[in-house]
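Chains as they are written, first to last, in full-length UniProt numbering: chain W, 1 to 296; chain R, 1 to 295.
If you are wondering where the hints come from, they were derived from the structure by calculation, not from laboratory data.
Note that beta-carbon positions come from the ideal geometry of N, C-alpha and C, so glycine has one too.
Just to be clear, a hint being listed does not mean it is correct.
Unchecked claim - Derived list of chain R stretches under chain W, where covered just means 3 residues or more per stretch with a C-beta under 8 Å from a C-beta of chain W:
1) 67-77
2) 146-159
Claimed, not checked - Here are a few chain R residues that sit away from chain W, every Cβ distance over 10 Å (derived from the structure):
3) Ser44
4) Gly51
5) Ala59
6) Ile209
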Amino acid sequence: MTAVTSTSASTPIAANRATRGPGWIRRAIAQLFVGLILVLLVLAVIYPLLWMVFSSFKNNSELFANPWSLPGELRWGNFERAWNAGVVRFFVNSTLVTAASIVTTTLISAWAAYGLVRVNVPFSGPITGLLLGGLMVAPTVALIPLFGLLQRLHVYDSLWALLILYTAFRIPFTTFLIRAYLIDMPREMDEAAYVDGATRTQIFWRLVLPVCRPILVSAALLQALFAWNEFAFALVFISNTENKTLPVGLMDMQSRLLTEWPVQFAGLTMAALPMIILFLIGQRQFLRGLTEGMGK
Amino acid sequence: MASTTTRLRGLVWVVPALALLGIFVYYPIVENIRLSFYSWNAFSPNPVFVGLQNYTDAAADPIFWRSLRNNIAYAVVSLICQVGFSLCLAAVLEEFVHQKLRGVLRVIYFIPAVISITVSGILFSFIYNPQFGLLNRLLGAMGLERFQHAWLGEQKTAIWSIIGMSQWQSIGYTAVLFVVAIQRIPRELYEAAKVDGAGAVRSFFSVTIPMVREMTTLLIILTVSGAFLVFNEVMVMTAGGPSDSSQVLGTWLYRNAFLADNMGYASAIATVIFVLTFAFAILQILVSRRRRVEI
Chain W
1 MTAVTSTSAS
11 TPIAANRATR
21 GPGWIRRAIA
31 QLFVGLILVL
41 LVLAVIYPLL
51 WMVFSSFKNN
61 SELFANPWSL
71 PGELRWGNFE
81 RAWNAGVVRF
91 FVNSTLVTAA
101 SIVTTTLISA
111 WAAYGLVRVN
121 VPFSGPITGL
131 LLGGLMVAPT
141 VALIPLFGLL
151 QRLHVYDSLW
161 ALLILYTAFR
171 IPFTTFLIRA
181 YLIDMPREMD
191 EAAYVDGATR
201 TQIFWRLVLP
211 VCRPILVSAA
221 LLQALFAWNE
231 FAFALVFISN
241 TENKTLPVGL
251 MDMQSRLLTE
261 WPVQFAGLTM
271 AALPMIILFL
281 IGQRQFLRGL
291 TEGMGK
Chain R
1 MASTTTRLRG
11 LVWVVPALAL
21 LGIFVYYPIV
31 ENIRLSFYSW
41 NAFSPNPVFV
51 GLQNYTDAAA
61 DPIFWRSLRN
71 NIAYAVVSLI
81 CQVGFSLCLA
91 AVLEEFVHQK
101 LRGVLRVIYF
111 IPAVISITVS
121 GILFSFIYNP
131 QFGLLNRLLG
141 AMGLERFQHA
151 WLGEQKTAIW
161 SIIGMSQWQS
171 IGYTAVLFVV
181 AIQRIPRELY
191 EAAKVDGAGA
201 VRSFFSVTIP
211 MVREMTTLLI
221 ILTVSGAFLV
231 FNEVMVMTAG
241 GPSDSSQVLG
251 TWLYRNAFLA
261 DNMGYASAIA
271 TVIFVLTFAF
281 AILQILVSRR
291 RRVEI
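Let the sequences and hints guide you as you build the complete structure.
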């Protein structure tokens with residue numbers, strides 16, 4: 001009885017295999033189809049970016065006459081014009097805020113994460129909850145009260161406002177990232193140093209930070225991505241053109257340069273390049289940060 | 001037994017983070033909810049308590065509802081593309097593509113996600129430009145002139161054009177996250193499926209989809225709550241126009257707060273956004289907690 005059922009159960013599979021005689025043809029067609037889609041997708045992703053770069057070397061008549069073609073000559077003047085039309089200022093502001101907020105965010109977060117994981121902090125349960133709970137708060141919701149608050153603190157319309165906000169709103173994510181890394185680290189390492197008489201602070205600076213370097217690099221890259229590209233805070237809390245960062249500055253430029261399209265393209269290219277280069281160099285760290293951040 | 005003072009000294013570790021979060025994240029949220037019960041603007045020193053007036057105003061405001069509908073449209077399209085299509089893309093990359101090429105493709109698909117939304121927004125406003133934009137030229141070249149539009153300038157197409165740009169920017173990002181999830185599936189499961197005679201499509205449905213369920217749930221929640229927070233791309237590409245046809249909750253809030261100086265009403269919109277996204281966040285926590293229990 002059992003033998004009969006087992007043979008009848010295996011027949012459909014055998015039959016299935018038999019009908020797939022010319023399986024390689026099917027597979028080849030599938031491969032071809034899939035390959036075509038993947039290539040089209042590559043084009044859809046890359047072409048707009050190439051178009052941006054090509055167009056930034058053109059002049060208006062070239063752009064209008066044949067938007068698809070390569071530029072007739074490399075007009076570096078467009079980049080110079082965009083640079084002087086404000087990009088240089090925005091570039092410097094973005095760099096300052098990004099660099100400073102990388103330092104503040106990773107240090108404050110690593111400090112808190114170490115304290116919560118290894119030091120006997122009172123109420124560490126609720127405090128961890130409060131810190132990570134910040135992940136649930138969307139910046140847009142806080143815009144209106146922050147507007148008044150930053151004015152009262154006299155930091156409205158200065159890069160300080162952005163530095164403070166970019167730090168505060170990223171502490172939850174960064175703490176979460178570093179905390180997950182520290183939890184996996186063997187306790188003996190810092191305990192040994194503690195027993196040898198080092199203070200917690202010394203251990204943090206001399207031992208924990210160096211050991212955490214891989215995750216700190218990931219955290220720094222993701223913070224760079226966030227701060228370089230952040231828009232809402234920069235739009236609402238900065239009004240003086242002198243203090244604008246790239247994302248808002250580019251919009252500003254759009255309204256000033258009006259029909260000088262190639263110059264605008266040049267500005268976009270210059271704003272996009274640093275992050276693309278940073279990503280290509282540090283892709284592994286980027287991805288580690290992202291996937292750790294998604295929870296293991 | 002450590003004395004109370006030594007224990008309290010431990011707070012030094014968390015005070016900087018807590019202070020920043022308390023002042024600049026939590027206080028504004030609470031304050032925003034309080035302010036939503038007042039009628040006030042930037043110049044009135046004395047806000048007037050109006051109870052739920054701002055909320056009933058919202059319920060009677062057709063543009064509020066249009067904004068909400070646009071957010072929902074955003075969520076639906078993003079779910080299809082950034083969860084559905086991205087999952088297929090990730091599976092195809094893992095199944096069909098040679099290992100070396102796979103890495104290159106992953107990097108290429110990811111690039112749009114590292115570009116600022118302002119850059120991609122302005123770039124796409126050029127692509128949609130009726131005079132020199134690529135989209136109309138492409139349609140023209142294919143003989144589809146009747147589908148040409150002033151994409152961002154027409155009420156019917158504006159929001160969809162913005163949504164389209166958003167998909168361009170995010171598909172690669174979620175696909176890479178799915179790739180990571182797929183790589184964590186034990187290879188034996190695929191081999192077992194193969195032995196059972198399952199082809200690539202079958203094993204996609206019977207192995208891949210069930211095994212990446214956690215990532216799928218997480219991305220569904222993140223995509224939907226992201227869709228209710230949309231702000232940058234709309235601001236950059238249309239600022240909500242033409243005639244408010246592409247407003248979303250975020251831009252309608254911005255317009256009321258900082259252009260129309262109708263702060264109380266704007267706070268009420270912000271509270272609505274907060275409640276919606278907070279609910280999704282709670283859902284996310286519940287999901288990840290259940291996951292931990294299962295393991």
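Cross-check of the supplied hints:
Counting residues of the segment 67-77 of chain R whose C-beta sits closer than 8 Å to any C-beta of chain W gives 0, which falls short of three, so the coverage hint is violated. With 0 residues carrying a beta carbon less than 8 Å from a beta carbon of chain W, the segment 146-159 of chain R misses the three-residue requirement, and the given coverage is violated. No beta-carbon of chain W is positioned within 10 Å of the beta-carbon of R/Ser44; the least distance is around 12 Å. Against chain W, the non-interface label of R/Gly51 holds: every CB pair exceeds 10 Å, the least being about 19 Å.
No Cβ of chain W comes within 10 Å of the Cβ of R/Ala59; the nearest lies about 19 Å off, and the non-interface call holds. No beta-carbon of chain W is positioned within 10 Å of the beta-carbon of R/Ile209; the least distance is around 18 Å.
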